[in-house]
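All chains, please: the whole structure from these sequences, using the hints.
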Amino acid sequence: MPQPLIIAVPKGRILKEALPLLARVGIEPEAAFSDEDSRALRFATNQPHVSLIRVRAFDVATFVAHGAAQLGIVGSDVLMEFAYSELYAPVDLGIGHCRISVAEPAALAARDDPRGWSHVRVATKYPSLTRRHFEARGVQAECVKLNGAMEIAPLLGLADRIVDLVSSGRTLAENGLVEIETVAEVSARLIVNRAAFKLRAAELAPLVERFREQTAAPRAA
1 MPQPLIIAVP
11 KGRILKEALP
21 LLARVGIEPE
31 AAFSDEDSRA
41 LRFATNQPHV
51 SLIRVRAFDV
61 ATFVAHGAAQ
71 LGIVGSDVLM
81 EFAYSELYAP
91 VDLGIGHCRI
101 SVAEPAALAA
111 RDDPRGWSHV
121 RVATKYPSLT
131 RRHFEARGVQ
141 AECVKLNGAM
151 EIAPLLGLAD
161 RIVDLVSSGR
171 TLAENGLVEI
181 ETVAEVSARL
191 IVNRAAFKLR
201 AAELAPLVER
211 FREQTAAPRA
221 A
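In full-length UniProt numbering, the protein residues as written are 1 to 221.
Take these hints with a grain of salt, some might be off.
Think about it this way: if two alpha-carbon atoms lie no more than 27 Å apart in a straight line, the pair counts; the simulated DSSO-like pairs of lysine-lysine are [unchecked claim]:
(1) K125 with K11
(2) K16 with K125
(3) K145 with K11
(4) K145 with K125
Pair ranges (Cβ atoms, derived) [unchecked claim]:
(5) P48 with G148: 19 to 25 Å
(6) A106 with S167: 18 to 24 Å
(7) R42 with R13: 18 to 24 Å
(8) A202 with E17: 36 to 42 Å
(9) T182 with Q140: 19 to 25 Å
(10) D113 with S34: 32 to 38 Å
Since the hints were derived computationally from the structure, they do not count as laboratory data. Every residue gets a Cβ at the ideal spot worked out from N, C-alpha and C, and that includes glycine.
This is the structure in structure tokens:
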């Protein structure tokens with residue numbers, strides 16, 4: 001009996017867009033996957049040897065990199081932060097579009113000139129990516145690691161600025177913050193464990209190709 005194939009999918013914003021894509025590839029989760037009261041993390045699918053695990057976005061990359069899952073769907077922001085050498089990201093899925101931006105209070109932005117920065121104190125869940133971004137500009141970044149509620153950090157004096165995901169910008173505006181520069185554009189990627197891709201190429205290569213085909217296929221209006 002073949003080993004089960006496990007696909008890690010993220011909770012949150014990407015999942016809603018990922019489910020129709022999975023269906024077009026031929027993978028549909030069991031009914032319990034849609035049960036908001038369910039505490040289960042692993043789910044069967046209509047494919048007997050394929051199951052899904054639903055975990056935090058940052059953990060998708062970790063599960064796949066360490067071989068606990070063979071494939072995953074995750075934002076490119078996570079890949080840029082962790083840069084796991086064990087991961088292969090063959091397909092930009094064209095979903096989950098947003099950006100990573102630097103933001104600061106509107107009052108500060110009105111008198112601020114980013115070209116004059118030499119040192120910044122930043123609240124972010126992307127310390128590695130943030131440091132690289134500022135180092136490339138010759139700016140020293142002191143990063144305060146937070147996992148959420150980033151927008152309140154400047155209001156409470158924890159940091160002058162934040163680096164975070166931005167989609168519509170509404171959350172920033174409601175907390176008195178404005179974007180001042182974009183660090184990177186973000187979209188969701190299909191990721192594969194490199195070792196698994198070599199050892200189970202007969203299973204994984206056709207599946208990766210189906211994702212590529214469905215991502216490239218024009219959608220009906």
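Here is what the structure says about each hint:
Restraint check for K125 and K11: satisfied, since their Cα atoms lie roughly 16 Å apart, inside the 27 Å limit. Only pairs whose Cα atoms come within 27 Å are accepted, and K16 paired with K125 is accepted, the gap being roughly 22 Å. Only pairs whose Cα atoms come within 27 Å are accepted, and K145 paired with K11 is accepted, the gap being roughly 21 Å. For the proposed pair K145 and K125, the alpha carbon gap of about 5 Å is at most 27 Å, so the pair holds.
In this structure, P48 and G148 break the distance hint of 19 to 25 Å, their C-beta atoms being roughly 37 Å apart. A hinted range of 18 to 24 Å for the beta carbons of A106 and S167 is consistent with their spacing of about 19 Å. Distance hint check: the CB atoms of R42 and R13 are about 21 Å apart, consistent with the given range 18 to 24 Å. A beta carbon spacing of about 29 Å between A202 and E17 contradicts the range 36 to 42 Å that was offered as a hint.
Remark: the range hint 19 to 25 Å for T182 to Q140 is upheld by a beta-carbon distance near 20 Å. Range check, D113 to S34: about 49 Å between beta-carbon atoms, so the 32 to 38 Å window is missed.
Going down the numbered hints, you'll see the structure goes against 5, 8 and 10, while the others check out.
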